[in-house]
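*Asks:* Residue numbers (the working numbering), protein chains in the order written: chain A, 1 to 221; chain B, 1 to 263; chain C, 1 to 263; chain D, 1 to 350; chain E, 1 to 350.
Bear in mind the hints are in silico, worked out from the structure with no lab data behind them.
Misleading hints may appear alongside valid ones.
What the hints assert, rightly or not - Derived CB-CB ranges, DEER-like:
id	chain 1	residue 1	chain 2	residue 2	range
1	D	V332	E	A60	45 to 53 Å
2	E	D183	D	A324	30 to 38 Å
3	E	D183	D	G312	19 to 27 Å
4	D	A68	C	F253	27 to 35 Å
Said to hold, decoys possible - 25 Å max Cα-Cα, derived SDA-like pairs, lysine to any residue:
id	chain 1	residue 1	chain 2	residue 2
5	E	K341	D	L323
6	E	K341	E	R226
7	D	K341	D	E295
8	D	K341	D	D204
9	A	K65	B	S119
10	A	K65	C	D233
11	A	K65	C	R33
Virtual Cβ for every residue (Gly too), placed ideally from N, Cα, C.
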Amino acid sequence: RRPLRVFAAASLAAPFTALEQAFEASHPGLDVQCNFAGSPQLVLQIEQGAAADVFAAADVVNMAKVQASGNAVGEPRRFARNRLAIVVAAGNPRAIQGLGDLARDGCKVALCGPEVPAGRYARQALAKAKVAVRSLSDEPNVHALVTKVRLGELDAGIVFQTDCTATGIAAVAIAAEHQVVADYPITTLTAAAAVEAAAFVDFVLSPSGQQVLAAHGFQAP
Amino acid sequence: MTTLRGPVRWLIGVPAAAAVLLFALPLFGILLRMPWSRLGEQLMSPAVHDAMRLSLLSSCSALALAVALGLPLAIWLASGRSALRTVARIIVMLPIVLPPVVGGIALLLAFGRAGIVGSWLDSTFGVTLPFSTAGATLAATYIGMPFFVLAVEAGLRAFDRRYLAAAATLGAGPVRRFVTVTLPMIRPSLQAGALLCWARALGEFCATQTFAGNLQGSTRTLPLACGVAMESDPELAIVLSLILSSVSIVVLFLLRQRWLAPR
Amino acid sequence: MTTLRGPVRWLIGVPAAAAVLLFALPLFGILLRMPWSRLGEQLMSPAVHDAMRLSLLSSCSALALAVALGLPLAIWLASGRSALRTVARIIVMLPIVLPPVVGGIALLLAFGRAGIVGSWLDSTFGVTLPFSTAGATLAATYIGMPFFVLAVEAGLRAFDRRYLAAAATLGAGPVRRFVTVTLPMIRPSLQAGALLCWARALGEFCATQTFAGNLQGSTRTLPLACGVAMESDPELAIVLSLILSSVSIVVLFLLRQRWLAPR
Amino acid sequence: MNLELDVHLRRASLQLDVQLTVAAGDTVAIVGRHGAGKSSLLAAIAGLLPLERGRVALGAQVFDAGPAAPFVLPEARRAGVMFQDLLLFPHRSALDNVAFGPRVRGVGREQALALANEWLVRVGVGDRAQALPSALSGGQAQRVALARALANEPQLLLLDEPLSAVDASARLALRRDLRAHLDAFAGPRLLVTHDAVDAFALADRIAVLEAGRIVQAGPVAEICSRPRSRYVADLVGLNFLRGECAAGRLRVEGGGELVVSQAPDGAVLATVHPRAIALYRSRPDGTPRNVWSAEIVALEAAGDRVRVRLGGALPLVAEVTPLAIAELQLGVGGTVWVALKATEIAVFPA
Amino acid sequence: MNLELDVHLRRASLQLDVQLTVAAGDTVAIVGRHGAGKSSLLAAIAGLLPLERGRVALGAQVFDAGPAAPFVLPEARRAGVMFQDLLLFPHRSALDNVAFGPRVRGVGREQALALANEWLVRVGVGDRAQALPSALSGGQAQRVALARALANEPQLLLLDEPLSAVDASARLALRRDLRAHLDAFAGPRLLVTHDAVDAFALADRIAVLEAGRIVQAGPVAEICSRPRSRYVADLVGLNFLRGECAAGRLRVEGGGELVVSQAPDGAVLATVHPRAIALYRSRPDGTPRNVWSAEIVALEAAGDRVRVRLGGALPLVAEVTPLAIAELQLGVGGTVWVALKATEIAVFPA
Ligand SMILES: Nc1ncnc2c1ncn2[C@@H]1O[C@H](COP(=O)(O)OP(=O)(O)OP(=O)(O)O)[C@@H](O)[C@H]1O
Ligand SMILES: Nc1ncnc2c1ncn2[C@@H]1O[C@H](COP(=O)(O)OP(=O)(O)OP(=O)(O)O)[C@@H](O)[C@H]1O
Ligand SMILES: [Mg+2]
Ligand SMILES: [Mg+2]
């Protein structure tokens, strides 16, 4: 079977593993190989000449870099969106209902760092809600933050809705007016065997692909 | 003189016990939280088998490479003192200090398809290391070998070279001397170095992911599988890391029989 | 006998040179790509100063802790053979194998606010380790100490204990014997162990951020800063890792004067 | 403060069972074959090998009385031990090796170094004070080890072959010095040696160890004149015979018979001084009542004498002057006549 | 295949400059004080210390001729070396230590072990074949080292104090065996020893090393009768004097004068056998032309004799029987009359 290499952000690991299986079932001649890593690492690998066919990023910033380096074919397409949610410790001991409660005294909160998409969006949301939160730590990725909340180290944090769905951790929704929506772009790459790569991208955007993404908590673009 | 007696028992015993606790408690914590029911299912999963096989393959190959290249390097480093040796020692030590992601980037820059040596490898032999098991091995070697080199160099420096003189007068050439006298006499360092190198290579994560990618079946070793699971299913990550630990323990026990025999 | 002569020169020299190249090429690749112009600006940045200070503090404290606890542990491990020792050795070795993220989780489970010991520390002393420099030190110790313990144990096993008997008949008690006879005689292993432990603690990344968080001024060490930079600005990450390497080289050179004096 | 030993322990193939008392101010030389347990005995006294049974006591201090009793650690025994394989600390200079003991005892640094230097000069290696053991010659190292044992103001001395590697010229002087140190030293001292002259020159008494047991112990003169084993006879250079005595005739084990005078009947030991054996080219007439002919098996120079090893039923060694050998005009393989006076054969009950 | 030595090298404080030829089939004993460079000389011959200048050649094979010439590596010299500090491989049993050389030479495993075992039996430690060196007694280890050097079919032998730790009883036998091995061995052999008896028994010639130079070399008998240094005189147990001779009178360095007979004039060396010195309670009348009184400085037992060390301007040693001592009724500190015949003083030009 011919390999088809899909470079996908680590946070897409679960849905893309499912997509891989579904796609292979309908394209028996292809072997989809998913390479999961942080988006910046994937960008670097692509820039260093990796033989990749499809790139699915967690934010537009990293996608822009791939475009800028001339490795993307055409305009990237948005295939999913994500919402923010407040992740809280088991049983929600601080009775957090919304962003406003995060500023309460004695409430231990951390966000992802401003360099990380989740951190950037969280800060935008807080700004919209005009809440000043002191982050105990600029967590470098979502799962470090989720882990700390799960283990009771923190009372709350702001992450993506999908992270809560995947890990089954209690989440408090953020009011719609404060929501920040994250877009996930996908593109085929110049090094790719164009037909198959395009077929995969199409599959992700097709109803059956969207169904898989929805099952993992993603919203349609 | 071999067992600890008297008040020293406490002087040694208390901090030693504290040290073991420092490592045992986290392990205990993990074991308590372990979703044991999922262990069986994971042990059956082909993806886990792939990862296990790749982990063993890349870590053992890394150890073999580390021995093949690192032993001569350690010999040279231990054979004198010079500025050149100091520089070499620092170059070899840096991968320990560098964040593994940076190590991975460095490997890409050198051995990637567009890298210094990599582009030549590609154009001449059509060999590309990234996204291949060979690449995972290279990353594991890059990360593990410094431990081997530095531990063995220490052993060689403490070795009494007069035994080599004795072996020489008995007609043994340098290679034979090394194999029949030096190696057995520095065995504890050799074992420690090999153990550290192999364990580090087995647990290697970031550099492999950056340099060799994270492809099931060809570069996704157990730690990488663990990292993927971390994103979606932290419990699974813990199960996988338990499997990883068990693999290392089983290998050590198998080796112990023949290799770690009492001195 | 101290320098390499004859055909052995090549037998040693060629693989040793290959080994050095394996490490030098990636370094060279990085140095080529280095945005030198940004180095000066970063060296002036207070955030980098903070990270440097924290890195030195946590890695040196980790080394101190590793020596204080690890030396007794190594002594005990080397003082005989028993199943208990084998188990302890494996427990101590596991952090090398475990993916550091899992190590960080394990640390949280043991020493976090809700952890086995952590909850007791919190309720009794009001001490919480996560999000504090002490926590970063603990993580660095957890990751670095195994290297110290295993290297020193190897040194102790190769040490000829009859010298201790000689010292005992001269009136030296166990502590004195250890300090004046054992330690100087196992110096190469001790140095190698300390070097490996310190370097690993200095480069530690994942476990620290999982356990201690990533806050400028209290837990963001240089590798963490590097990891943060990686997300947005890989070039900056490379600059920071160069600074990290330079810090380690400078420290080694300073130590060299007094500590690594020729045997 | 007498040293009282009742040592019972196993060491691999050797079972060591020694009972011995060494009086304060006495020097006992332990002699015996290789692997007889001499070094092991010293190790037991120094506290480096625990007893399985028995007692090691110095005056009122019981050092060891088996596993059930309290054990005095080596560092508390204040024994000055010189090891057979020296065990000089390889990372310390000769001076620092010798100063180690005094430093441990709490002597100040300056003073300890001065003391150590004094001792190095005394044993004749003052000029190598700064050398590491690996840069010492064999004899230099041995003397440094001796100085290290002596410099520590011990309460008993245990010296394992202290002079074996010392050169002929230093040996005379060092033996004299050592004798003076031993004499000046109030405690008991034990000395392992393979050199008869050292044993005679340094010891008051000799204990002969064989396969872990003391087979003979007593004043030097007694041991020399009445050795009870071939080992001691060899040590002192006497011919040694074992046999049955009856009616003035000694039937030697392994064949051969000798006329003896004033001998007890029954199983006996007998010694013959090599110089008492006369050799002739032709059968001598005269008083000696034992005359026989024998082949010369070997000739060995020994100082200004030649030792002639005889074959046959009575494998004795005769000692003659080189002149006599020249006169006999005989080499190895030749036959000589041997004469031995009955009165020259010392016979004592076995 | 003669061994030709012209060795020049520096070792720390020692400058070694030795010229010596050892004929095939000859045994040369190297004697000398500690640090004289004996072990260093053997190391240079074995190829463990390169020359700075000079030549080491065995027959037509030039092993070393300074840094400019090709250097034959130690492993190619086929020298049977026994080291002073033995250097038995600690991780191999006694048997495997001895089998090491044959194995390296390409002898099959079985055969090498059988050969090694044979050698161990020959040197008397057949029963310790399986022991690691750390479990050997001092003397056992030495004999294993000797076996290891001999088992390797070397083309020259370099033995550094081969018998120093061997016990009295084994020594006699081992010395005889060693003599036989040496005699059976066709190549040149060098032997370092501090024991006069060993030198006399084993060597054909003696070379005396002092501070890196050979001060005297020659057949054993010549060296013994005409020692040119105090070291050798001490070694053979002679009194040694240095002085000026004129008109039949010897003015000894350091004071004192003796009447001598048939002596050359000028700077001379003189030796006196200790047994030639007679001691009396009161001033003797008679032929001896040298009579003086002296204090007894020390008394030492030596075999069946007593050595009396005299003080004063002529610090000689006399050897008398214990009986004589008893008759003199004198101990250390007493004064005796000393008589020495002029003809007993051997005088030769310095
Ligand atoms: N560490 C050890 N382990 C096991 N056996 C040993 C050890 N050391 C010595 N032995 C054995 O114990 C016996 C007694 O050894 P010991 O050293 O006491 O002999 P020794 O009388 O001092 O002999 P030598 O005159 O050769 O020094 C020997 O057979 C020896 O091989
Ligand atoms: N490895 C070394 N490094 C420096 N100097 C050394 C070394 N080995 C020996 N020496 C010095 O060289 C000199 C000659 O040593 P060597 O061992 O040849 O003496 P030796 O004649 O064998 O003495 P001994 O009878 O005591 O064994 C001595 O002063 C010694 O201290
Ligand atoms: Mg002994
Ligand atoms: Mg020597």
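*Asks:* Taking the hints in turn, state whether each one holds.
*Replies:* Each hint tested on the structure:
no., hint, in the structure
1, D:V332 <-> E:A60: 45 to 53 Å, "34 Å, violated"
2, E:D183 <-> D:A324: 30 to 38 Å, "24 Å, violated"
3, E:D183 <-> D:G312: 19 to 27 Å, "23 Å, holds"
4, D:A68 <-> C:F253: 27 to 35 Å, "57 Å, violated"
5, E:K341 <-> D:L323, "21 Å, holds"
6, E:K341 <-> E:R226, "18 Å, holds"
7, D:K341 <-> D:E295, "19 Å, holds"
8, D:K341 <-> D:D204, "32 Å, violated"
9, A:K65 <-> B:S119, "23 Å, holds"
10, A:K65 <-> C:D233, "11 Å, holds"
11, A:K65 <-> C:R33, "17 Å, holds"
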